[in-house]
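Peer 1: These protein sequence lines map, in sequence, to chains A and B. Using this note's numbering, you'd call the opening residue of the first sequence number 1 and step up by one each time. Using this note's numbering, you'd call the opening residue of the second sequence number 1 and step up by one each time.
Think of the hints as simulated: they come from the structure by calculation, not from any bench. It cannot be assumed that every hint is accurate.
[Unchecked claim] Some but not every residue of chain A turned toward chain B, in silico, with C-beta under 8 Å:
id, residue
1, 307
2, 310
3, 397
4, 400
5, 401
6, 402
7, 404
8, 406
9, 414
10, 431
11, 435
12, 437
Think of the CB as a built atom: it goes at the ideal place given N, C-alpha and C, for glycine as much as any other residue.
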Amino acid sequence: MGFFSSKEKDKYKLVFDLSPEAIVILDLKGNVTDINGRVFDWLGFKPEEMIGKSLAQIPFLNKESLIRAQENFKKRLAGQKIPPYELDFVTKNGEKLVGRVTASQITNGNKKITGLLVMISDITRQKESEENLKESEEKYRQLVELAQEGIWLIDEKSITTFVNPRMAEILGYKSEEMIGKHLFSFMDEKEVKIAEEKLERRKKGIKEQHDFEFLKKDGSRVYTSLETSPIVDRDGRYIGALAVVADITQRRQMELKLKESEEKYRNIIDSSPDAITITDLNGKIVNCNQAALELYGFSKKEDYIGISSFNLISQKDHQQATKSMAKTLKERSLKNIEYTLLRKDGREFPGELSASVIYNDKNEPIFFMAITRDISERKRIDRAKSEFTSLASHQLRTPLSIMSWYTEMLLKGRAGALKKQQKKYLKEIYDANDNLIKLVNMLLNISRIDLGTFIVNPSKVDLIKVINKIIKNLSFQVKEKKLKIEKKYPEKPFLLDTDQNIMNIVLQNLLSNAIRYTSDKGKITISIRKQGSFALIEISDTGYGIPEDQQSQIFSRFFRAENIKRKDTSGIGLGLYIAKSVIEQIKGEISFKSEENKGTNFYVKIPLELSKKSIKKYKSIYFYDSKTKK
Amino acid sequence: MIQKQKNRKILIAEDEESMLHALTDTFNNAEFDVFGAKNGEEGLEIAFKEHPDVILIDILMPKMDGMTMLKKLRENEWGKNVPAIILTNLSDVEKIAEAVEDGICNYLVKTEWSLEEIVKKVKKLLHPVK
Chain A
1 MGFFSSKEKD
11 KYKLVFDLSP
21 EAIVILDLKG
31 NVTDINGRVF
41 DWLGFKPEEM
51 IGKSLAQIPF
61 LNKESLIRAQ
71 ENFKKRLAGQ
81 KIPPYELDFV
91 TKNGEKLVGR
101 VTASQITNGN
111 KKITGLLVMI
121 SDITRQKESE
131 ENLKESEEKY
141 RQLVELAQEG
151 IWLIDEKSIT
161 TFVNPRMAEI
171 LGYKSEEMIG
181 KHLFSFMDEK
191 EVKIAEEKLE
201 RRKKGIKEQH
211 DFEFLKKDGS
221 RVYTSLETSP
231 IVDRDGRYIG
241 ALAVVADITQ
251 RRQMELKLKE
261 SEEKYRNIID
271 SSPDAITITD
281 LNGKIVNCNQ
291 AALELYGFSK
301 KEDYIGISSF
311 NLISQKDHQQ
321 ATKSMAKTLK
331 ERSLKNIEYT
341 LLRKDGREFP
351 GELSASVIYN
361 DKNEPIFFMA
371 ITRDISERKR
381 IDRAKSEFTS
391 LASHQLRTPL
401 SIMSWYTEML
411 LKGRAGALKK
421 QQKKYLKEIY
431 DANDNLIKLV
441 NMLLNISRID
451 LGTFIVNPSK
461 VDLIKVINKI
471 IKNLSFQVKE
481 KKLKIEKKYP
491 EKPFLLDTDQ
501 NIMNIVLQNL
511 LSNAIRYTSD
521 KGKITISIRK
531 QGSFALIEIS
541 DTGYGIPEDQ
551 QSQIFSRFFR
561 AENIKRKDTS
571 GIGLGLYIAK
581 SVIEQIKGEI
591 SFKSEENKGT
601 NFYVKIPLEL
611 SKKSIKKYKS
621 IYFYDSKTKK
Chain B
1 MIQKQKNRKI
11 LIAEDEESML
21 HALTDTFNNA
31 EFDVFGAKNG
41 EEGLEIAFKE
51 HPDVILIDIL
61 MPKMDGMTML
71 KKLRENEWGK
81 NVPAIILTNL
91 SDVEKIAEAV
101 EDGICNYLVK
111 TEWSLEEIVK
121 KVKKLLHPVK
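Construct the entire structure; sequences and hints are all you get.
Peer 2: Structure follows, in structure tokens:
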């Protein structure tokens, strides 16, 4: 330290030694000429380990720092000004430290540069915290950038100061387009009012969560859920607000849809004219509609809910109800079960109930939904119909029998011999009466089909015998028209376990139609064969045929094809309707193929055996005919 | 079973006069002794008194209907085996069916049968062909 006076030297020596900064003095060659105590404290190198050595000879700088230090040493000596710079130091123990280096030229009395005074501040801690801060800033930056929620910052004037990319995306903007814009420019007037109130609350320091509807850049709406908090400065003054925003449009739309559909279904149920009752799996009522209350005579829903549905069913039907519940559970639904139901006041009424099972999302049954109808009126009409049928059968058949029998007696000469002409006229009366009897029988059959009281009674039926007998009865017409009847079946019994009456009705119908609607000298072919578990009867004629445009209607009630209406005025169009209806009673089928002026083929499929389900024994109150002559 | 020479007896319980007349005339002509009754009560009375070989019974009759008459007949020692045919136009009444099922009687619908056929049926009932 030869460039200071000794007094000064002492003073500077003191400063030098006590300096909190590490100081290294370098000569012009770059060798260390002195260091202060702080250098040892900081780096652990003793003066003798450093003094007289070049920077490269002291292992206190890492490689890059050494190069940099050497370069800067040269620049500084050359008079270049270098702002403080950082070097990575290594202590004698190998610890890494960061120092900020400031180098100044040292001149002697002649202002000649003799070396450099290098001051090193330890900035290791500072660097560390800077690094930490950077790291944490990066972390937050990523958090903000990548967040699934939008983040929105506004200042105290509600001007947007920051939005993350997600926030911009939610509103359909780019981030930079939003910054600088007022919060209110992202909503409609109605929402502005709400936002104003919300901002007032923010200014009062209130944090909250609420839903909010924003306008997107394209003018569409976006439903969001917001988490907002005020931002205040150190003095507690409001300087803006932060919102974390989630787009709930989809959720809201689903909720709306759900609500809508719930409402729709509730409306349907509420406005249904049929009584709807929801019960648990034990039959306890949990809900109902207005119609149910009215049907069962309850004025308040509270009185209805909670009671057992068995209270609404007559005691005698309880067993059936229990069975039906089990069946409904098994089959998911059950239709049109008739019960005697009870009103609140105990009055009985005939009801019809359909039920289905309601499942939860795990597909477990949780409720029954029952629809009940009061069928008193229907029952009354049924009764009236059946009474009418009964009346018709009795009141019409009695005079018809009398006419038939007395004509028969006259024809037999029981009231004296008749002239040929008289006999002929009487025969006309007899035949007309017979037609009337047939018509009455047809009407009776229709009534029975309508009422579901048509009897199906199984017995052994020989198809060949049935057909032969019908043909025999029709032989007069066959002869008169010179028709040829071809039987394509062997003359031996073809036995079916079926209903005799139905066979008679169907075959009588088809054969008499074939004869009636085939012109003179035509041909009728009958074949019978087995096909699986069915007997297949085919009756074809070379007759008038059915016009194509009318073929779909021929099984309709009272339908007669135009071409035969012109040729034959006596039919009423019930035969095929009845034939089809009765054959369906035994699960048989009837179909046809026809071409006008060429002929018609009718196909009848009859089960070889009656299924138990189709047997309806004497449930009804009417018989068609006892004429099962053996 | 066959009663030689002697006419067989038939009881016809039928309230409709013209029908009773036609049937009576016809069965007379077929060499039956015919007993007519206008209701079930009268029918039963004649049946127990005359022990006819066969009985035709209408269903709807005043005082006592045909089904009741048949039931009472079948409760009687003599009456339980007498051939009976329910003759009706009312194919009504489950009871007919039950009766037919149980073999208590035959039945036939009037409009479906000519007088000639009824006579045949009755004769067949009296002389069953095996």
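Peer 1: Against this structure, judge whether each hint is valid.
Peer 2: Status of each hint after checking the structure:
{"no.": "1", "hint": "307", "in the structure": "38 Å, violated"}
{"no.": "2", "hint": "310", "in the structure": "31 Å, violated"}
{"no.": "3", "hint": "397", "in the structure": "4 Å, holds"}
{"no.": "4", "hint": "400", "in the structure": "5 Å, holds"}
{"no.": "5", "hint": "401", "in the structure": "4 Å, holds"}
{"no.": "6", "hint": "402", "in the structure": "5 Å, holds"}
{"no.": "7", "hint": "404", "in the structure": "7 Å, holds"}
{"no.": "8", "hint": "406", "in the structure": "6 Å, holds"}
{"no.": "9", "hint": "414", "in the structure": "7 Å, holds"}
{"no.": "10", "hint": "431", "in the structure": "13 Å, violated"}
{"no.": "11", "hint": "435", "in the structure": "12 Å, violated"}
{"no.": "12", "hint": "437", "in the structure": "5 Å, holds"}
The structure fails to meet hints 1, 2, 10 and 11 from the earlier list, while all remaining hints are met.
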